[in-house]
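Protein chains: 2
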Amino acid sequence: MKRFTTLLIAICLSIMAVQAQGKKSVFHTLPVHGKYFDTPEQFHRVDTARYRNMPKNVKNLYTNSAGMFVTFRSNTTELYAKWCVTDRKVGLNLTAIANKGLDVYIKNEKGKWQYGGAKGTVKTCEETLVLENLDSEEKEFLVYLPLYDETKSLEIGIHEGASFQPLANPFKKNIVIYGSSIVHGASASRPGMAYPAILSRRTGFNFINFGISGNARMEKEVVHMLADADPDMFILDCVPNSSPEQVTDRTSYIVTYLREKHPNTPIVMIPSVVRELSYFNQSWKTRNQLQNENWKAEYNKLITNGITGLYYLDIDNLLGDDHEATTDGTHPSDLGFMRMVEVIEPFVLDVLKKHGIQ
Amino acid sequence: MKRFTTLLIAICLSIMAVQAQGKKSVFHTLPVHGKYFDTPEQFHRVDTARYRNMPKNVKNLYTNSAGMFVTFRSNTTELYAKWCVTDRKVGLNLTAIANKGLDVYIKNEKGKWQYGGAKGTVKTCEETLVLENLDSEEKEFLVYLPLYDETKSLEIGIHEGASFQPLANPFKKNIVIYGSSIVHGASASRPGMAYPAILSRRTGFNFINFGISGNARMEKEVVHMLADADPDMFILDCVPNSSPEQVTDRTSYIVTYLREKHPNTPIVMIPSVVRELSYFNQSWKTRNQLQNENWKAEYNKLITNGITGLYYLDIDNLLGDDHEATTDGTHPSDLGFMRMVEVIEPFVLDVLKKHGIQ
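Respectively, the protein sequence lines represent chains A and B.
Residue 147 is where the first sequence starts when you use the working numbering, and the numbers rise one by one after that.
Residue 147 is where the second sequence starts when you use the working numbering, and the numbers rise one by one after that.
Looking at chain A on its own, in the form it has when it is part of the complex:
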């Protein structure tokens, strides 16, 4: 009878342990990676008070947490998250995961970051189980923050008693990508599929998202802000929202200013994707062609004038040739982003190699 009672107690205890595992969690805050500047607001990409003369929309967009992530090691079998964003609506060309959600990667046995799980929300504050039924081996986690919203707070939860250790940024060097909504991440299906994030995971280099939706028109105040960074490479993907005239008027300034402040830093110029809608929309067709022609012409002038360390990714269409790679005619879907990465990655790696950056 005593043995039976002991067995019963043991069974009850293990059932309670399992239940506790499912319910009791401990939350942690973590340092935020994937941004260049220290900012008074932890989840802002740029100190908008310091750069107060940038256009208002640009300042607002640099409060979005695009490109940011937290990373830690844990043997937790469940992963929870609490986070708050604003009450702005989800964009029509975005999922709630990409816009306001979290995206988790885990380092696999081959040492690669592998997708683990993602959660979207339409609430201003969400608390949810993100991963469950993990084995109890220690793993490295990387959690991307919302692309298109301002993150107000983030806590990561593990089961009580699990190990937990914040990790340093796993990506080396700094590559600043300045661009439009496409850099910002529209229309990735989730935060980890914005193209700078894919590039970081595939190359091990730290591609930093300076994308600003509907913007990136090379305004002087923005150029000066970018030049305050001292990265290992600048990538300029800022043609899509610049008019053909703005491309002609402003390209020389952004390139020569960055070169002046950073004599040895390679600068890569990426042409605009050909907007899929431009194949039938006659007005966009002309505009899109002119944007890229003017961009290339400015590059040629700069080279003729003797600028060094400037590279032009000379490709007609970053999105392939089946016309299927956008969500809305302008913004790449994950299919489009993967195609962009297949072209941009080897080009950028080659430039880094030329400059001895590894």
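Rather than coming from a laboratory, the hints here were simulated on the basis of the structure.
Where hints are given, some of them may not hold.
Which copy is meant is left open, because identical chains are indistinguishable; a pair holds if it fits in one copy or across any two.
Stated by the list, open to error - Straight line, CA to CA, 25 Å or less: simulated SDA-like cross-link-like pairs of lysine to any residue:
1. 256 / 421
2. 318 / 504
3. 256 / 467
4. 366 / 310
5. 431 / 278
6. 235 / 296
7. 319 / 501
8. 318 / 185
9. 253 / 433
10. 366 / 272
11. 228 / 392
12. 235 / 390
13. 170 / 430
As the structure is a prediction and not an experimental result, all values here were calculated from the model.
The hints should help you fit chain B onto chain A, whose structure is shown.
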């Protein structure tokens, strides 16, 4: 002076014509294609009163307009649409374009359907300009309806005076695809990127979407409904939501019933995609493996028992090997759907050829 006045009037008239072109539009309703059955409700895929014994969720989901489209020829330079759906919320893993929106293709000079433009909405009734600045050549248009909502009405608008002619379904034969949310279209970025729709455009065959999100568990009432169709091929992609036990219990019934009613119609069995979340979630890992093992075992039994015209797509992972092709760990993004199509298309075309279907 008279000549000058005439010229002035001519200029004014042409300016007014351009303005009118931007403002005056004429709306048309059109026959709906991409569904198999005639239904009392035009935008339902199945007559849910006739098949009233199907599970309630299944009936609801067959009121969604997944796979449907309208098609017409016009020389309009602008395309408008008015459509109504329900007031249900957009899914967290979908865009408002895929869930409730329209997706337009235009036949290009090579005779291929090429993406033209898409519009999402969160309203129950939307009226919007979808395409503009088209040249005035006659073109063939194809407009996909919302994947994950019930369409209540649809009108297509062209500019006043433009030609307009409804077209017959451009896709030949009928291939019924019965499946889960993945067939239904989660998480395509827009309606035209659900995998049956991509297959139709690429092959010219009419792949008909019988996908039902969170369902497709081969219930007898659903099997009987499917057998009332008389297509040129059945594709069964119904493993993802069926438990391993349901796969074992129900596969023989669906296959033998379809074979009994349609002695010569090829039947293709597709294994479940490996859910990306199943690589780390130990419970899903076991379940996902068992689902596919049982599915394959049932196929082998059926073949042993002498069934003919049954084909099994024997592939471990339809989504590639970089683990990047889903939106939420279960549902393919456009990247995942395109990878599925690359595998499914040649397999299906080969089976059609074997059966002399062209």
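**Item:** Violated constraints from the hint list, given by number and in increasing order
**Value:** Numbers 4, 10, 11 and 12, in rising order.
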